[in-house]
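*Asks:* Here's the letter readout for the chains.
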Amino acid sequence: MKLYYFSVAGVLLSMGLSATELPDRQAQLPSVPKDANAQYLTPSALSTIPKGEFGDKVTKGYQLFVNSQQMRNQYVGNELNCVNCHMNAGNKANASPLWAAYMAYPAYRKKNDKVNSYQERIQGCFTYSMNGKAPESGSDVLVALSAYSYWLAMSGLMNQFNLTGDVPVLSDAELLKGGNRPEFPLPEVISAKLDQKALTMLPGRGFPKLDKPEKPYSIERGNSIYLAHCQACHGQDGQGVKMAKVSALPPLWGPQSYNWGAGMHRVNTAANFIYENMPLGKSIQLSVQDAWDVAAYINAQERPQDPRFKGKIEQTKAGFHQHDGYYGKKPQNVLLGEKAYPNFPEASQ
Amino acid sequence: MNKNLWFSKVHSWRSTNKVTSQWAQSANFSVSRLWTALIGSTLSLSVSASIPEASPKELLETVPAAAQVCLSCHGVNGEGLGVAGPRLAGLSSEYMAQQLSHFQSGKRQNSTMMAMAMTVQGDTIKLVSDFFAAKPVAAISLQYRGDKVVISDIGEKLAFQGDWEREIPACTSCHGPSGIGAGQFPRLAGQEPSYFKNQLLAWQKGTRTGDVDNMMGNIAKKLTAAEIDALTQYFSAQK
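Residue numbers (the UniProt record's numbering), protein chains in the order written: chain D, 1 to 349; chain Z, 1 to 239.
In isolation and in its complexed conformation, chain D is listed as follows (with noise of 0.2 Å):
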């Protein structure tokens, strides 16, 4: 694995990287065991932000979540909206919530081979997920959501821990940070129940790592899945449906989708998302085989082209795509990657 490792960074530092580019390693997104007796944090009611500069930027941030359609084509460049992945406003455990998420950060990545301030790694969400353009450091948007997310975490652990109050308001360049640093001001009765690492691992982060399928998982069997259990509501051609001009129902590839750069192309991240969260509301389970199978499917189709590429498939393959996904390879006599959709493509009608 080390070597592995190493040989990528081999690679990328060939490429001659500059310091400013977020390159991405896809670097499986964090997932810790599910535990049934896990107790998630519970973050308070929105009804409870507090008035003022700070709740303001604690509602915007959460309206930027749950309608990210309103940074279309100046930070987002697809269809998609951040809620998509992060069920319940980016609130619900095991849907990579953003309380888990703030706390983890900031963060050595393997993606970028650097120590990531949470403001950088949301910045690596719009260049690959929303298929945009990462907003500018300390920007209005970064705060916003940096603040939603504080808001989440220290919400959620006060409550943990029966304190009462509002949240203590950190200034913008703290909330840019993330709490995975030791002058991040934590109550003491928190910080004498849970040590950093803990902090950095709450139950429930990122989606569940899911067991090896029984079966190496088929795009075939995928299909069939697909066509059961996910065209009504993503359309048998992947397409979403829209709706009042925004996709209610998300596009799941195409030129309105994450690009070949965001983690969810990953099949292994697909496969733990769609077990957790799939379908919506949870009307049925499916099972460890059908989920590999259709997230093979789903990422075997054509998408928005790695932001990282260069001119060469190839290359970009070897530098950023050594693991379970399909850029660059050819699953059904196409070679994915060569007919990429152009990143920030204008809106659909």
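These are computed hints drawn from the structure, not numbers from a lab.
Note that beta-carbon positions come from the ideal geometry of N, C-alpha and C, so glycine has one too.
Where hints are given, some of them may not hold.
Unchecked claim - These stretches of chain Z come out as covered by chain D in the derived footprint (C-beta under 8 Å, 3 or more residues): (1) 96-105; (2) 159-165; (3) 178-187; (4) 210-216.
Said to hold, decoys possible - Once the Cα atoms are required to be at most 25 Å apart in a straight line, the calculated DSS-like pairs of lysine-lysine come out as: (5) Z:Lys197 to D:Lys60; (6) Z:Lys157 to Z:Lys222; (7) Z:Lys197 to D:Lys282; (8) D:Lys110 to D:Lys133; (9) Z:Lys197 to D:Lys92.
Assemble the complex: chain D is given as a structure, and chain Z must be docked to it using the hints.
*Replies:* Chain Z only, in chain D's frame:
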């Protein structure tokens, strides 16, 4: 009424143009009531115009024969007639065609509609569905998710935020902003309140089924009576 009798009558009558009026009579929908409905809807349409654009008779001639059986309950413009029938305008053709087949197969149970749906078969299903899908609905001021953050109304809160502790997604995550609907997801905005409520109850009871994986039955079963009332009030008021 004996179900088999209904079926045999319907099958022997379908594909003749006279079916609709005969059917309306035998199903206790009098012709006079049909005309009342037509005149009523024409009057309401022409409130702002001094001269009606079309007489009730002319209007009736624009309705495909197969769709005429629908008018006494759904209105000549699919606008819905209170407790008599829900609004069809604003629903997609795809959805209406699907529901007609569900009434025919018994996935949706409603004695009146089961019989009425039987009069529409084959290509006419699409014809009738397209006809009502093309009827306009007044534009409403749309509310998108996140427009309101603190929501006190139970129905509106479920509509835009759901209740994830019970795995209830926001209604608008499938039915769209303000519940305007598209494709297989019906428009909820402005629907007849009694119909809306009865549908949620039917999903709960299992007398309405037919969607993929029983998505809607699963959600409806989690709703309390008070939540159903609140949702009914909220969505019906969006018009």
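*Asks:* Give a verdict on every hint.
*Replies:* Hint check results:
1. 96-105: violated (count 0)
2. 159-165: holds (count 3)
3. 178-187: The restraint on the stretch 178-187 of chain Z holds, since 7 of its residues have a Cβ under 8 Å from chain D and three suffice.
4. 210-216: With 5 residues in contact (Cβ-Cβ under 8 Å with chain D), the coverage given for the stretch 210-216 of chain Z holds.
5. Z:Lys197 to D:Lys60: With Cα atoms ~34 Å apart, Lys197 of chain Z and Lys60 of chain D exceed 25 Å; violated.
6. Z:Lys157 to Z:Lys222: The given pair, whose Cα atoms are some 15 Å apart, holds under the 25 Å limit.
7. Z:Lys197 to D:Lys282: holds (23 Å)
8. D:Lys110 to D:Lys133: With Cα atoms ~21 Å apart, Lys110 of chain D and Lys133 of chain D stay inside 25 Å; holds.
9. Z:Lys197 to D:Lys92: violated (29 Å)
This entry does not satisfy hints 1, 5 and 9, going by the numbered hints stated previously.
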